[in-house]
Structures are given as structure tokens and as C-alpha cells.
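Visitor: Sequence:
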Amino acid sequence: MKKLGFGFMRLPVLDENDAAQVDLELLCRMADKFIERGFTYFDTAYVYHKQQSENFLRKAVVERYPRDAFQIATKL
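Under the numbering used here, the first residue of the sequence shown carries the number 346, and numbering increases by one thereafter.
I should point out that these hints are in silico values taken from the structure, not numbers from a laboratory.
Treat the hints with care, since some could be wrong.
Said to hold, decoys possible - Taking CB as the label site, the calculated pair distances span:
{"id": "1", "residue 1": "D360", "residue 2": "G383", "range": "31 to 39 Å"}
{"id": "2", "residue 1": "V358", "residue 2": "D413", "range": "29 to 37 Å"}
{"id": "3", "residue 1": "Y410", "residue 2": "A364", "range": "30 to 38 Å"}
{"id": "4", "residue 1": "P411", "residue 2": "D360", "range": "30 to 38 Å"}
{"id": "5", "residue 1": "K395", "residue 2": "A418", "range": "17 to 25 Å"}
To be verified - Once the Cα atoms are required to be at most 20 Å apart in a straight line, the calculated SDA-like pairs of lysine to any residue come out as:
{"id": "6", "residue 1": "K378", "residue 2": "K420"}
{"id": "7", "residue 1": "K404", "residue 2": "K348"}
{"id": "8", "residue 1": "K395", "residue 2": "E370"}
{"id": "9", "residue 1": "K420", "residue 2": "A364"}
{"id": "10", "residue 1": "K378", "residue 2": "D388"}
{"id": "11", "residue 1": "K348", "residue 2": "D377"}
{"id": "12", "residue 1": "K395", "residue 2": "A414"}
{"id": "13", "residue 1": "K395", "residue 2": "K347"}
{"id": "14", "residue 1": "K404", "residue 2": "E381"}
{"id": "15", "residue 1": "K404", "residue 2": "M354"}
{"id": "16", "residue 1": "K404", "residue 2": "R374"}
{"id": "17", "residue 1": "K378", "residue 2": "Y410"}
{"id": "18", "residue 1": "K348", "residue 2": "R382"}
{"id": "19", "residue 1": "K404", "residue 2": "A365"}
{"id": "20", "residue 1": "K348", "residue 2": "E370"}
{"id": "21", "residue 1": "K347", "residue 2": "A414"}
Just so you know, even glycine gets a beta-carbon here, dropped at the ideal spot from N, CA and C.
Take these sequences, add in the hints, and give me the full structure.
Guide: This is the structure we're talking about:
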């Protein structure tokens, strides 16, 4: 496993005043590049992005890649 993680604490947003308005299209492109380059580790937590970070991880990675293509760490 390569030793670099993709953190979901600070994602690209559409509205700088609303952390829950994540730019999903850009996030998907970022996740694609990360995986294309051989990285597999994603990190998130419930509280990030107004409790939406895990949902964005699901949309950008989990629903788009086979389960053996990535690893996820999440915190309370």
C-alpha cells in the first residue's frame, strides 16, 4: 500500500459559506486521480462538512469503485 491518504476533512465547496455544499464533480475527479496513481486510503469522520463527509465519500468512491480498490478509515 502506498503511504498517502486522501482526507475528506477539507473538500472543494461550491459556496465558501456552506461547508455542506461540496463540489461533487470536482471531488470525483480528485478521487479518480488519486486511485489512478495507485493510492487506496481514504480518511473521513462524521463531523466533517456538516456531517456530510461520509456521504460524499460514498458518492465519490464507494459507489464508483469495487470494494477491493480502496480502504477507508472513519472516526466518531
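Visitor: Against each hint, give a clear statement of whether it holds in the structure.
Guide: Structure-based check of all given hints:
no.: 1; hint: D360 / G383: 31 to 39 Å; verdict: holds (33 Å)
no.: 2; hint: V358 / D413: 29 to 37 Å; verdict: holds (31 Å)
no.: 3; hint: Y410 / A364: 30 to 38 Å; verdict: violated (25 Å)
no.: 4; hint: P411 / D360: 30 to 38 Å; verdict: holds (33 Å)
no.: 5; hint: K395 / A418: 17 to 25 Å; verdict: holds (20 Å)
no.: 6; hint: K378 / K420; verdict: violated (24 Å)
no.: 7; hint: K404 / K348; verdict: violated (23 Å)
no.: 8; hint: K395 / E370; verdict: holds (19 Å)
no.: 9; hint: K420 / A364; verdict: holds (19 Å)
no.: 10; hint: K378 / D388; verdict: holds (16 Å)
no.: 11; hint: K348 / D377; verdict: holds (17 Å)
no.: 12; hint: K395 / A414; verdict: violated (27 Å)
no.: 13; hint: K395 / K347; verdict: violated (29 Å)
no.: 14; hint: K404 / E381; verdict: holds (17 Å)
no.: 15; hint: K404 / M354; verdict: holds (15 Å)
no.: 16; hint: K404 / R374; verdict: holds (12 Å)
no.: 17; hint: K378 / Y410; verdict: holds (13 Å)
no.: 18; hint: K348 / R382; verdict: holds (12 Å)
no.: 19; hint: K404 / A365; verdict: holds (14 Å)
no.: 20; hint: K348 / E370; verdict: violated (25 Å)
no.: 21; hint: K347 / A414; verdict: holds (13 Å)
This entry does not satisfy hints 3, 6, 7, 12, 13, 20, going by the numbered hints stated previously.
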